[in-house]
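Q: Here's the letter readout for the chains.
2 protein chains.
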Amino acid sequence: MPKNAFYAQSGGVTAVINASACGVIETARQHPDKIGKVYAGRDGIIGALSEDLIDTSLESAADIARLQHTPGGAFGSCRYKLKSLDEHRAQYERLIEVFKAHDIGYFFYNGGNDSMDTAWKVSQLAATLDFPLVCVGIPKTVDNDLALTDNCPGFGSVAKYVATSMREAGFDVASMARTSTQIFVLEVMGRHAGWITAACGLASEAEGEPPHILLFPEIPFAPDAFLARVKVCVERYGYCAIAVSEGLHDADGKLIADMGVKDAFGHAQLGGVGQAVAQLIKDKLGYKYHWALADYLQRAARHIAARTDVEQAYAVGKVAVEAALAGKTAVMPVIRRISDTPYAWEISLAELKHIANVEKKMPRDFITPDGFHITEACRRYLSPLIEGEAFPPFARGLPDYVRLKNVAVARKLATFEV
Amino acid sequence: MPKNAFYAQSGGVTAVINASACGVIETARQHPDKIGKVYAGRDGIIGALSEDLIDTSLESAADIARLQHTPGGAFGSCRYKLKSLDEHRAQYERLIEVFKAHDIGYFFYNGGNDSMDTAWKVSQLAATLDFPLVCVGIPKTVDNDLALTDNCPGFGSVAKYVATSMREAGFDVASMARTSTQIFVLEVMGRHAGWITAACGLASEAEGEPPHILLFPEIPFAPDAFLARVKVCVERYGYCAIAVSEGLHDADGKLIADMGVKDAFGHAQLGGVGQAVAQLIKDKLGYKYHWALADYLQRAARHIAARTDVEQAYAVGKVAVEAALAGKTAVMPVIRRISDTPYAWEISLAELKHIANVEKKMPRDFITPDGFHITEACRRYLSPLIEGEAFPPFARGLPDYVRLKNVAVARKLATFEV
Chain A
1 MPKNAFYAQS GGVTAVINAS ACGVIETARQ HPDKIGKVYA GRDGIIGALS EDLIDTSLES
61 AADIARLQHT PGGAFGSCRY KLKSLDEHRA QYERLIEVFK AHDIGYFFYN GGNDSMDTAW
121 KVSQLAATLD FPLVCVGIPK TVDNDLALTD NCPGFGSVAK YVATSMREAG FDVASMARTS
181 TQIFVLEVMG RHAGWITAAC GLASEAEGEP PHILLFPEIP FAPDAFLARV KVCVERYGYC
241 AIAVSEGLHD ADGKLIADMG VKDAFGHAQL GGVGQAVAQL IKDKLGYKYH WALADYLQRA
301 ARHIAARTDV EQAYAVGKVA VEAALAGKTA VMPVIRRISD TPYAWEISLA ELKHIANVEK
361 KMPRDFITPD GFHITEACRR YLSPLIEGEA FPPFARGLPD YVRLKNVAVA RKLATFEV
Chain B
419 MPKNAFYAQS GGVTAVINAS ACGVIETARQ HPDKIGKVYA GRDGIIGALS EDLIDTSLES
479 AADIARLQHT PGGAFGSCRY KLKSLDEHRA QYERLIEVFK AHDIGYFFYN GGNDSMDTAW
539 KVSQLAATLD FPLVCVGIPK TVDNDLALTD NCPGFGSVAK YVATSMREAG FDVASMARTS
599 TQIFVLEVMG RHAGWITAAC GLASEAEGEP PHILLFPEIP FAPDAFLARV KVCVERYGYC
659 AIAVSEGLHD ADGKLIADMG VKDAFGHAQL GGVGQAVAQL IKDKLGYKYH WALADYLQRA
719 ARHIAARTDV EQAYAVGKVA VEAALAGKTA VMPVIRRISD TPYAWEISLA ELKHIANVEK
779 KMPRDFITPD GFHITEACRR YLSPLIEGEA FPPFARGLPD YVRLKNVAVA RKLATFEV
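Chains as they are written, first to last, in the numbering used here: chain A, 1 to 418; chain B, 419 to 836.
Hints are computed from structural coordinates only; laboratory data are not their basis. Be a bit skeptical, because a hint or two may be false.
[Claimed, not checked] Footprint (simulated), chain A over chain B, 3 or more residues, beta carbon under 8 Å:
{"no.": "1", "stretch": "422-431"}
{"no.": "2", "stretch": "438-450"}
{"no.": "3", "stretch": "535-547"}
{"no.": "4", "stretch": "574-586"}
{"no.": "5", "stretch": "639-650"}
{"no.": "6", "stretch": "706-716"}
{"no.": "7", "stretch": "785-794"}
Every residue gets a Cβ at the ideal spot worked out from N, C-alpha and C, and that includes glycine.
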């Protein structure tokens, strides 16, 4: 009997993480001699710890194919980081126990830095315990901050969404600036790395086109220089469109989100850096503002996913299974760029231990010297990642996404406190 | 010599107001014997008052055609309401003076309630002054609140955008609810009428699908009933997705946006009803929340426009010109629904005086008895309006929108203080 596989989604979901799931399941189904069933963890690794496994073999081929155009995490994801082996050895041993009970020989973990760390630790423990388990990470993150891969599946689609949204809002503000709003601020994700903010910059392709200012977490916020630049933009173009990372902070590392808005009880409100920056402009320069908070809309926007991103998300899932079948363990498929123009890429493998817990920020030469926009080098890097459209099917005017049956596998073990 | 035409965009722009402009200009160009040039007001009616006219005859046919897939207001719009004839007769006389100077015999005004009022007054004054001017309104508003027309161009596209966004965010939150966010709130436009909020409800097509709660400006906010409903949703579905109108208020008419968030100086912040509602849930029920503020993104989202909406926006522009050529004045093309399924519509004409300043709110039977969702009758009404896709062309991964040359017509008159 071939061994079964375990697949779990981890951390914040994306518009294309299900395309990776699709790549894993479809590829596994092509090798029934080597892989039995693919079990998915319900709500990620918690599903493994609590022995709450989903039998994906009960889903039709058509429904699995529909994962390729469905956002969110089809089996549920979680924010749950396993601690160090020393602190929480019981959890790791429980994972191995569950894998043993369900005859699992392959562990596919689809996530970011933390998840690659977990996958690496699981592979180490399996080796220590002499339990035969092939562990393969599958990259996913809208933050685009994983090491060793040219880019991360999930990023290209959020990049396309924010650049499109910024361009569209720019057309709106430009129309209204004379008598109404002069300032538009779009707050986007990115606590430590400014890749998503940088992507907003792609909307501007000529002098004067919005966005006019980008505020990166890599560049400490300097209010005076910022306000001076805003003033120049309004005087020159009639309005000023700004994209800001949620993680924008000052030179002391203090989040700008904390400085502005307080709730009715005086508590600082997170997620309000866009409003804080806009209000600063209003207070100091008097311009009327509007602001938008894309929040989950940006990372769930499968309707405007980048075709390249969908293809790469599928490919890393597929290659993960192929690598596992070739006996490679403690590895992760990475995207290697072969050329910018025309854009060409391939998938290779990197070792998990070199990826775990490393965070890739924007290189300084991707940001203009004044800190307020992206350079040509950055455009060359970003532009191919948003290319191509991959519209989902629509029904009754709305994207037609799949909801799987997600039938549970019968439990075999005693309960375990997660 | 045929008379020239004046066309202006008014109020908040939409994803498809330029499709109406396209309908006006292309139709006018088909009748060179009857209409000379189409002059557009730069920044709306202000362009007429300040004699800042744009010569659209200098734009290529190809660029005019591209207006059909370009959001925002191609000639600029404005929030500028002419007062009553008694108070500001000088402004109305100035309009007539500018129209005379540029040999304008047709006045097309593309806007909402206020604009239809202005167009009506201009038609009255022209008649009084014995100046031959055909005045035709063209409906436009994301708020869908114009009288006598079954729906308003601009609404279908924002409806499709918010319903799509809510569906997508719903997939995201559902994936993460077990260990992370249980509450998602999307704040949408609609100060007095809840049409856009209602459209969010289309994303839910079966029991339990998000959004679970809609908060309309037509229904006074009752915190206790709301919180009880949120609790039921989280217990039953694991999470609760909510759409809220910016204009949500309590039984005394006090805006909920004012009750929650204050800025660093203690001022109430507008545009924060989404956060206020989310924070209320956090305070009272302890659930973690995320919220999104779509703001301009929703009304500029041409990339996900409804095909029906684009077609209707074009049609009202076209019919406006045809009506003018037939000598009809003080009228506005309206959309008449012939059937729900299959959806069929036609354009007829209504008199401006019956449309000016009237606001059409959601009928009570479009809202469920508990006040938290839409009824089947509402779905029957809304569903056809978001049908069909009309994706713009893309270049380098982004929607390829047109920026017109917008060359000014030489001034002939003394300046006038607007």
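Q: A separate judgement is required for each hint: does it hold in the structure or not?
A: Do the hints match the structure? See the list:
no.	hint	in the structure
1	422-431	holds (count 3)
2	438-450	violated (count 0)
3	535-547	violated (count 0)
4	574-586	holds (count 6)
5	639-650	violated (count 0)
6	706-716	holds (count 8)
7	785-794	violated (count 0)
The structure does not agree with the numbered hints 2, 3, 5, 7 stated previously, though it agrees with the rest.
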